[in-house]
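Novice: Sequence:
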Amino acid sequence: MRFRLFCLLVIGQLFLSCQLKQEEKNAGESLFELMSPDQTGIHFKNVLKEDEKLNIITFEYFYNGSGVGLGDINNDGLADVFLGGNMCNSRLYLNRSTPGKGDLQFEDITEKAGINTFDGWTTGIAMADINQDGLLDIYVCRAGPGDISKRANQLYVNQGNATFKEQAAAYGLADTGHTTQAAFFDYDKDGDLDVYLVNNVMEKVGPNVIHEKIKDGSARSTDKLYRNDGAQTGGQIRYTDVSVFAGIQMEGYGLGISIVDINEDGWPDVYVSNDYLSNDHLYINQKDGRFTDEISGYFRHQSYSAMGNDAADIDNDGLVDFITVDMLPNDDQRRKNMTGLMNYDRHLSEIRNGYFPQYMRNTLQHNDGPDPETGKPIFNEIGRMAGIHRTDWSWSALLADYDNDGFRDLMITNGFPKDITNRDFVAYRMDQYRKGTTDNQYLMKALNTIQGASVSNYLYRNNQGNLSFTDQSKNWGFTKNAFSNGAAYADLDNDGDLDLVINNIDENAFVYRNRSNLLSGNHFLRVQLEGTKKNPFGFGAKVTLYNSGKKQFIEHSPYRGYQSSVENILHFGLGHETKKVDSVKVVWPDGKSQLLKQVKADQKLILKQADAINQKKHILKKPSPIFQEASNQLNIHYWHTDDLYIDFKIQPLLPHLLSQNGPGIAVGDVNGDGKEDFFVGGAFNHSGSVFIQQNKNRFKNFPLVTGEKFEEDMGSLLFDADMDGDLDLYVVSGSNEFEQNSVYYRDRLYKNDGKGNFSLDVNALPAISSSGSTINASDFDRDGDLDLFVGGFLSPGAYPMPVSSFILRNEGGHFINITNQVCPVLNNIGMVSSALWTDFDKDGWIDLILAGEWMPVTFLKNQAGKFKDVTNQTGLSAMHGWWNSLVAGDFDKDGDTDYVAGNLGLNQEWKTSAEKPVTIFADDFDQNGSTDPIICQYVGESLFPVYSRDEMTSQMNFLRKKFPTYAEYAKSAISDIFSKEVLNKAYQAKASTFSSVYLENLGRGHFKVHELPIPAQEAPVYGMTSGDYDKDGNPDLLMVGNSYATESTTGQFDAFNGVFLKGDGKGGFMPLRPSASGFFVDGDGKGLAELVLNDGKSLILAGQNNNSLKTFVQRSTQSEGIIKTGTLDTFAEITSSEGKTQRLELSYGSTYLSQSSRTIIIPEKTLRVILHDSKGKTRIAFEKK
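Per the working numbering, numbering through the sequence shown is continuous, rising by one, with the last residue being 1185.
Hints in this document: simulated from the structure, not taken from any laboratory. There's no promise every hint is true.
[Claimed, not checked] Listed next, the in silico SDA-like pairs over lysine to any residue satisfying Cα-Cα at most 20 Å (straight line):
hint: 1; residue 1: K224; residue 2: R290
hint: 2; residue 1: K213; residue 2: H301
hint: 3; residue 1: K534; residue 2: N74
hint: 4; residue 1: K1066; residue 2: N828
hint: 5; residue 1: K842; residue 2: K480
hint: 6; residue 1: K842; residue 2: K1177
hint: 7; residue 1: K550; residue 2: L596
hint: 8; residue 1: K49; residue 2: T449
hint: 9; residue 1: K700; residue 2: N757
hint: 10; residue 1: K474; residue 2: G940
hint: 11; residue 1: K621; residue 2: A1076
hint: 12; residue 1: K534; residue 2: T449
hint: 13; residue 1: K700; residue 2: N635
hint: 14; residue 1: K604; residue 2: E530
hint: 15; residue 1: K376; residue 2: R1073
hint: 16; residue 1: K53; residue 2: M444
hint: 17; residue 1: K696; residue 2: M444
hint: 18; residue 1: K287; residue 2: V244
hint: 19; residue 1: K1165; residue 2: N1106
Here the structure is a predicted model, which is why all the values come from computation and not from measurement.
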């Protein structure tokens, strides 16, 4: 986050409700009104003054600011305000507002109240009733340089007459450990409030220097846990430091804390966001007084320089989600002024040294429910898809319903007075060190020339729980730039909406009055909790509101955002129509609960723990998931190993590794015993394996080859190449490890001896040395044997230059290249990743559909054995994307074949459209013999490179002279970097959409595009299968994805858990969570295939790169039986008892690098199944008597 970060820093709008649009028609009527200090009486500035001895260089946390505390200190029903000061005294303001009038008037009672923090550096503010007298006390956290006594935290104990006594030492809470924030909670469930202290202090080793993690509690930057030991002799409550015993021993540079029962076991857990290299902590309560840091078991990555955080339910599913903020600017020029070289080696070194993946951006962890195997919650990081990942130098994040529409919105503060991450300043500073000039006076001169990171704070409106937000900052009244830090919300005027107080550096604190009650008429419900004497505000209670089949959930903890405390009343917006809530349920920390029904809106509801009862636990039997993991049951154990090859060393500007693509999977009966087997591909120096099905559905593993193996397996296919009655094996060779035209890019055909033993036929294939992808078979020319399509994917070392794909004609088990004769358009067609032989226009000839990177979904029509590109006639020609996979199915059950195309997804940095597509230029721009790929995106009306200056110059060194400063480069469009003539000469390709889509077949070769549901957009889609998996008669979709091959700035795509999309038979899909589907693939998912067991169950095989093969068996055997299809069968017509006929194509190869079973599972209520072969012959394969 600071200047040390320079060594590793690298480089949506959605719909609004009709109601909000109506509001915005009222000119000037913003949701929030910034009140002047003269109006409110809050005249407070956190003024900071640098000098040569104390500044941002000598004290890195100089500009971290201070917090806000909002709470009712005198029990008059109005929230009062405490503002922390770093170099000035903190101040306490008594709320003198007239309830419901919106006047927001306060009285400064600081001196009268006995508040004096002037001698120390105040950071966080925590309000709690510590002495158990029913009055809020104020715990002031302190840090900073200088005398240790001035770092002692303060405890201001409320005396009941708006005065306080400082008694931290008496309570054992005068900690001097550089505390950022404190959170009071009952971790041991003994009824009283303990406290967790978030600490942050520089160690001797730089905070971004990779080192062995300090896990024994000896680091100064380790947090602390104090246990409340209750009243001692004389009645004095005392706290005891139990950090080491409790397992709070991991080092970290803590800035934010959330207390939440993340695993829903009834015990509070602790989430701490840490700055710099140190990973965040997720301390899981072990229920015995101890905690275990299990961050890596819950989150797959996190923010790099994590600052504030919050935990709340963003989509009203009753599950807690997390947001953590970082410092990635939204403005393209600012990003390029602060980011340097993406250092993949550094990233790998961090991982090898035990650090968890982390990236410079805000992260939003969406809770996807329990893991079907372990029961732990599953989190998907969706910040980029949600549109909230770039908010500049951010501090606080507060999730709350600011417009009272029933969904939690998001407020983020930001700003930094001296932008010391500016790369030109970093370069100057390094130059001074090299010259031996370290005098602070020179440094101060340089510092004084640096502009601050001053932008307005952010307000995002929740788009009705669809996992995205819309930036409403300006529309809602956030128009003033500032250096803002701590913030808190409360209904300061008791008018039913949440107001905001924000602490600023060198600027009056902001007090925002919320005008939602005046503008929208939305209703609300406020819940005040009255707990036990030892926990009077009910910290840790869980409140759920139920209404019209929907719910809202809040777990009570006031410590949110950054260094701040929000009010102790829980606020629920209800929207415009709700005047009465069906029910409100509270579960208190002791497990007792109470339920109130038909609760009127627009009131403050007081719930008392004394009224709660021990309710019997009714364990509802949940329906069994559709699939169950079956690796042990079926004896299927395979680990895919892909030895690391760093493609970025050859082409530094690659968006991802091109050597980390497998494995693919192929299904078929290889030994002729009537049971289906499968092959899973290997990688360089690692053989693929054939799994032969034994008795009782168990499998035995046989390596395909022994000894040395240099080829990287891509797509694979089991088919009868020589028409001798058994299945042979074709394996595509690909990847990027070798030079172009290497022999290790030659594909391989293994002939079967009829017993499942394979031997390489070195003469069966033409001598094509192309780095390939997919392999698909079909009798496209109707001559009675299976011909091949071989997809070409990559020109090694020359991404993204287009390569050729091939059609190979079968001549008695040997194959010849006939591409030029039958489909010359395949020459240099692009980077093909997936293909389907399919009759998309139902004319009886098998056509070909292709998908690939920087390509449109391409339709090649078979005209009596020769192919014509008819993409322009389909209505899909403008849909260029990063397509990975295709799968077919009659999803609307209208008798033709529809398609689903898997794309990059929406949870990524680049936003694109047909009008402003992401564009790549490729050429040898620096004339050094290598291809330079430059990806650009639109900023305004011009295309700009997506890379930082250091990244661009790492590929093309000559640009250093052309752009000697980062500022000059940052403002340069691609047309400023290269001339029009140079760009016109370069290869260009576009991507106009990154959505994964359903292509509805309208007939006659025309299609309609439908975006798939949000869960299918959270990561790149690779493997897919279609089938009626839930046995409701409608085809469903299974999908796997993610990509761990990305460069280190983008970070790994890892939000996929495997997706089950339940089809409705009309072309619509509803996502099922893993707990309901039982389908859970959370790694780097690639190939996916379906194998049909002889009992009629589907066995799903999911390949993961550098991970285990996962298997899922269908629980239900509900069907009319199975049909084993013939070699040349191409599709089936399945007629139901309702008289509807759907089409099922029988592909040899589909989706990503894979091939599923051609066996048909006959749905229940089927009257008839008619099979059609490639020569036009038909036969009745099933008919119900």
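Novice: Give a verdict on every hint.
Specialist: Now for the hints, and whether the structure bears them out:
In summary, the hint linking K224 to R290 is supported, as the alpha carbons are separated by about 13 Å, within the 20 Å threshold. This hinted pair checks out: K213 and H301 have alpha carbons roughly 18 Å apart, not beyond 20 Å. As the CA atoms of K534 and N74 are separated by approximately 19 Å, the hinted pair is consistent with the 20 Å bound. A hinted pair counts as satisfied when its Cα atoms are at most 20 Å apart, and K1066 with N828 does not qualify at roughly 38 Å.
Distance hint between K842 and K480 is unfulfilled; the C-alpha atoms sit about 61 Å from each other, more than 20 Å. With a C-alpha separation of about 15 Å, the suggested pairing of K842 with K1177 holds against the 20 Å cut-off. Of the supplied pair hints, the one linking K550 and L596 holds, its CA atoms being roughly 16 Å apart against a limit of 20 Å. A distance of roughly 16 Å separates the Cα atoms of K49 and T449; the hinted pair therefore holds under the 20 Å criterion.
This hinted pair checks out: K700 and N757 have alpha carbons roughly 13 Å apart, not beyond 20 Å. The hinted pair formed by K474 and G940 meets the criterion: a straight-line CA distance of about 19 Å does not exceed 20 Å. For the suggested pair K621 and A1076, the alpha carbons sit about 13 Å apart, so the restraint of at most 20 Å is met. The suggested pairing of K534 with T449 is violated, with an alpha-carbon distance near 53 Å, which exceeds 20 Å.
Using a Cα cut-off of 20 Å, the hinted pair K700 and N635 holds, with the two alpha carbons roughly 7 Å apart. Between K604 and E530 the alpha-carbon distance is near 13 Å, which keeps this suggested pair within the 20 Å criterion. Annotation: proposed proximity of K376 to R1073 holds, straight-line Cα distance about 13 Å (limit 20 Å). Note on K53 and M444: the hinted pairing holds, with a Cα-Cα distance of about 10 Å set against a maximum of 20 Å.
The hinted pair formed by K696 and M444 fails the criterion: a straight-line CA distance of about 77 Å is larger than 20 Å. Distance restraint check for K287 and V244: the Cα-Cα separation of roughly 16 Å lies within the 20 Å cut-off, and the hinted pair is therefore satisfied. The suggested pairing of K1165 with N1106 is violated, with an alpha-carbon distance near 42 Å, which exceeds 20 Å.
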